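Starting from the known structure of chain C, arrange chain X on it as the hints suggest.
If you read the protein sequences in the order shown, they are chains C and X. Under the UniProt record's numbering, the first residue of the first sequence is numbered 1, with each subsequent residue one higher. Under the UniProt record's numbering, the first residue of the second sequence is numbered 1, with each subsequent residue one higher.
Just so you know, the hints here were simulated from the structure itself, not pulled from any lab data. These numbers were taken from a predicted model, which means no experiment stands behind them. Careful: at least some of the hints might be erroneous.
[Said to hold, decoys possible] Sample of chain C residues lacking proximity to chain X, with all beta carbon distances greater than 12 Å (derived): (1) GLU99; (2) THR214; (3) LYS245.
[Said to hold, decoys possible] Here are the simulated DSBU-like cross-link-like pairs (lysine-lysine), alpha carbons at most 30 Å apart as the crow flies: (4) X/LYS633 <-> X/LYS35; (5) X/LYS633 <-> X/LYS610; (6) C/LYS146 <-> X/LYS379; (7) X/LYS44 <-> X/LYS29; (8) X/LYS553 <-> X/LYS627; (9) C/LYS2 <-> X/LYS553; (10) C/LYS146 <-> C/LYS237; (11) X/LYS633 <-> X/LYS17; (12) C/LYS146 <-> C/LYS245; (13) X/LYS567 <-> X/LYS627; (14) X/LYS567 <-> X/LYS610; (15) X/LYS553 <-> C/LYS11; (16) X/LYS17 <-> X/LYS29; (17) C/LYS2 <-> X/LYS567; (18) X/LYS35 <-> C/LYS11.
We treat Cβ as the ideally placed atom computed from N, Cα and C, and that holds for glycine.
Listed here are the chains, written in short residue letters.
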Amino acid sequence: MKLTLRVWRQKNADAEGAMSTYEVDAISPDMSFLEMLDVLNEQLILAGEEPVAFDHDCREGICGACSLVINGDAHGPERTTTCQLHMRSFRDGDTIDIEPWRASAFPVIKDLVVDRSAFDRIIQAGGYITAPTGSAPEAHATAVPKADADLAFEHAECIGCGACVAACPNGAAMLFTSAKVNHLNVLPQGAPERETRVLDMVAQMDAEGFGGCTLTGECATACPKGIPLVSITGMNKEWLRATRKAGKR
Amino acid sequence: MTDYVNYTTGEPAVDGKAPAGPVHERWDKRRFEAKLVNPANRRKHTVIVVGTGLAGGSAGATLAEQGYHVVQFCYQDSPRRAHSIAAQGGINAAKNYRNDGDSVHRLFYDTVKGGDFRARESNVHRLAQISVEIIDQCVAQGVPFAREYGGLLDTRSFGGVQVSRTFYARGQTGQQLLLGAYQALSRQIAAGNVEMHPRTEMLDLIVVDGRARGIVARDLITGRIDTYFADAVVLASGGYGNVFYLSTNAMNSNATAVWRAHRRGAHFANPCFTQIHPTCIPRTGDHQSKLTLMSESLRNDGRIWVPKAQGDTRPPNQIPEDERDYYLERIYPSFGNLVPRDIASRAAKNVCDEGRGVGPGGQGVYLDFADAIRRMGRKAVEARYGNLFDMYQRITDEDPYEVPMRIYPAVHYTMGGLWVDYDLQTTVPGLFAIGEANFSDHGANRLGASALMQGLADGYFVLPATINDYLARNPHQSPVTAEHPAVQEALAETEDRLHLLLAVDGDRTPDSFHRELGELMWEFCGMSRTDSGLRKALERIPQIREEFWRRIKVPGTGEEFNQSLEKANRIVDYLELAELMCLDALHRAESCGGHFREESQTPDGEAARKDDEFAYAAAWEFTGTGKAPVLHKEDLVFEYVHPTQRSYA
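The following block holds chain C by itself, in its conformation from the complex (with noise of 0.2 Å):
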């Protein structure tokens, strides 16, 4: 396959960027999203130019760390993460354009690369049960239906990649904070600090500058573990329900 690539380009967080466009040429439908990209780089390096800065680390689609933009939607046309994106999606011939994540809480770094600690502060202010080492009981003390584990499990794939931010109009980060929220709080453990993570995590996120929720469920499209859109529901409504609760106290 021969493509003709339009990639953005920016020297650091505080030069302008621009689309910058390359041609690639035999490349095979077996190749991943990365794997092209790679022939792409090697290509630049030996002609004398900087290679493209992109994130990416097992390529296996678990690590969150692959976020490109490609054709305008977050991961590409499959609901999958960048690296597990083939070019086999693609046909020969094609234009493609690659951009970074964009939203203004997750500033650009370099080319394709964004920051997205933001992710991490808003976990550090509740996504946690607190169970020091050591303090814990028996495992089976505990029983926890079967329902409520498989459904824990399914927010708990999130894997922080942030195609829910770079796909919302709005720049929000609803779909994830509530995948962490909803993982911890449907479970017995998390019981305790219920309401704290709660408030304290959506507080975090808005103090993150994030865009407001107004449900256009364009992240739980782009999602590549389908954390579900209703995600975002029941944690608004145990937002809404610790608030009363703090209201009451």
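Same frame as chain C, now just chain X:
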């Protein structure tokens, strides 16, 4: 041949911390004898932790909970992305919830045997004891393990064992355990007890007056190189499988932290013990950048086979049952498809070498679920393995519900690593190594679902107990400053190395060198090794190294985000470590576990150990790049599990 192979043998390596006495009392005894640090004094101690995977994440969180000041580093943009996240299958624990005859002693026995009698009994027994606490800890953190309808935890079987002791969270156990540790760590970051430096890579170790006192690290965004000081340094930087270029490791997993520590005096043990995982997706072409594992749990229900006839190119569904060779079930009737990884990998290589491999290039075998789907229905198979099947389909464009998967072995894990004593301390006082970065628990072959167990055992329970002893015995270390000559030297060496990489301005990319080294290592130091092949590799590696420093091309500068520079710098260390791996493989003229020397096999092609000559861990001391190292042997004593020829037949 260079004189690198003419190594000398030095003083034996001695584990001065392992207590004597009955094996099940040793950990209690050590914990009791270890000195404690008064809680009020803990905040006066700074501990550096490098890496945020299962070992590093759990250690950082736990040390901070105990009151230490932790300064932690990871090269990823977030501690949540460490490569432990990719572990799929599960975590072992001797809970015996199934009432199927499991016990701490059985897990201990299975691990020593699975490691082909090249691990330390004391360490392995401790690991088995701690395994049960890990499950409790993780459940308390909210790790959503798979559960039965009654609400209790589910388990499954893994290779090399006959009990069901593997706890799991669908095919994402590593992810869920890592997020548990990451969340505990996040809580400590928020509390101000952990100072977290993401996108910061350790480039050297600072040793002052014989003790580990800090590290040199580069901020990957700005390129700024800084020094960080502490009372102890913990390396939790993972394994070195990426020496092979193609492996199941993450693209940026690297050996720099452990190799730089080795250069500063930490002995490196059993570097040739690498694990080739039997069930990975075969490569599709020269563009391949990494290999993807399919969890070993698939071998619970999938059946592995190849055609009986050589060069049979019919599609799998047109090959009748009696023309298929379910070779693992045939050769190993009692363990069948669940033999340990080293054995399954070698068997796959053998049938492919016989010309019976399937798929492009004949480098693959079938992993077939047709029987499982007939037996329990597609829905049940989907519930157990759905995400793995999806991943396979995405990568290969084939539907594993309809056509058997094709799999082939790939480099997955490294049992070797920095030599540590029972306290997990290296030969450099104050430098500890935990998780895959050390060598201690898996011998010559790691059993499935034991890496997660070891990483969390080290991080949550072992290190936080043993590091107290070191800090209590060295309470008033004089402060280190940037002006100290040892600090200046480490900093200058790092800066010089990066400047040189940028200055060569040659005509070959970092990846081209990495691929070349990887292919060499796979051919001569991979699944099967020979004296002559290893000598060839040892001849070739210094030549590649020389060419590297003449022809490497790294664009950009050091004062910016520069991924080519990061890569090139890691390759510098691979080019030295690879040499030590080959030398270790050459010197160990026996087969054991994942280390298969063609000269040493039984008449039916199994690994033949030579316990009289090689029942030791080989700890190597660095003497200079390309210079013959010194070998320190730690004799392995087996009081409880008597070494026998492993049999899974």
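Each hint, compared with the structure:
For C/GLU99, the condition that its CB be more than 12 Å from all CB atoms of chain X holds, with the nearest at approximately 17 Å. Listed as a non-interface residue, C/THR214 keeps its Cβ farther than 12 Å from every Cβ of chain X; the least gap is roughly 27 Å. Look at C/LYS245: its CB is around 21 Å from the nearest CB on chain X, clear of 12 Å, so calling it non-interface holds up. Pair hint X/LYS633 plus X/LYS35 holds up; C-alpha atoms about 29 Å apart against a cutoff of 30 Å.
Of the supplied pair hints, the one linking X/LYS633 and X/LYS610 holds, its CA atoms being roughly 15 Å apart against a limit of 30 Å. At most 30 Å may separate the alpha-carbon atoms for a hinted pair to count; C/LYS146 and X/LYS379 meet this at roughly 17 Å. Our distance criterion of 30 Å between C-alpha atoms is met by X/LYS44 and X/LYS29, whose separation comes to about 27 Å. With a C-alpha separation of about 26 Å, the suggested pair X/LYS553 and X/LYS627 falls inside the 30 Å cut-off, and the hint holds.
Pair hint C/LYS2 plus X/LYS553 holds up; C-alpha atoms about 26 Å apart against a cutoff of 30 Å. A threshold of 30 Å between alpha carbons decides the hint, and for C/LYS146 with C/LYS237 the separation of about 22 Å falls inside it, so the pair holds. As the CA atoms of X/LYS633 and X/LYS17 are separated by approximately 17 Å, the hinted pair is consistent with the 30 Å bound. The hinted pair formed by C/LYS146 and C/LYS245 meets the criterion: a straight-line CA distance of about 28 Å does not exceed 30 Å.
Taking the CA atoms of X/LYS567 and X/LYS627, the gap is near 24 Å; set against the 30 Å cutoff, the hint holds. A hinted pair counts as satisfied when its Cα atoms are at most 30 Å apart, and X/LYS567 with X/LYS610 does not qualify at roughly 39 Å. Between X/LYS553 and C/LYS11 the CA atoms are separated by roughly 20 Å; this keeps the pair inside 30 Å, and the hint holds. Of the supplied pair hints, the one linking X/LYS17 and X/LYS29 holds, its CA atoms being roughly 11 Å apart against a limit of 30 Å.
Our distance criterion of 30 Å between C-alpha atoms is met by C/LYS2 and X/LYS567, whose separation comes to about 27 Å. Straight-line distance between C-alpha atoms of X/LYS35 and C/LYS11 comes to about 52 Å, which puts the hinted pair past the 30 Å bound.
Comparing the model with each earlier hint shows violations of hints 14, 18; every other hint is respected.
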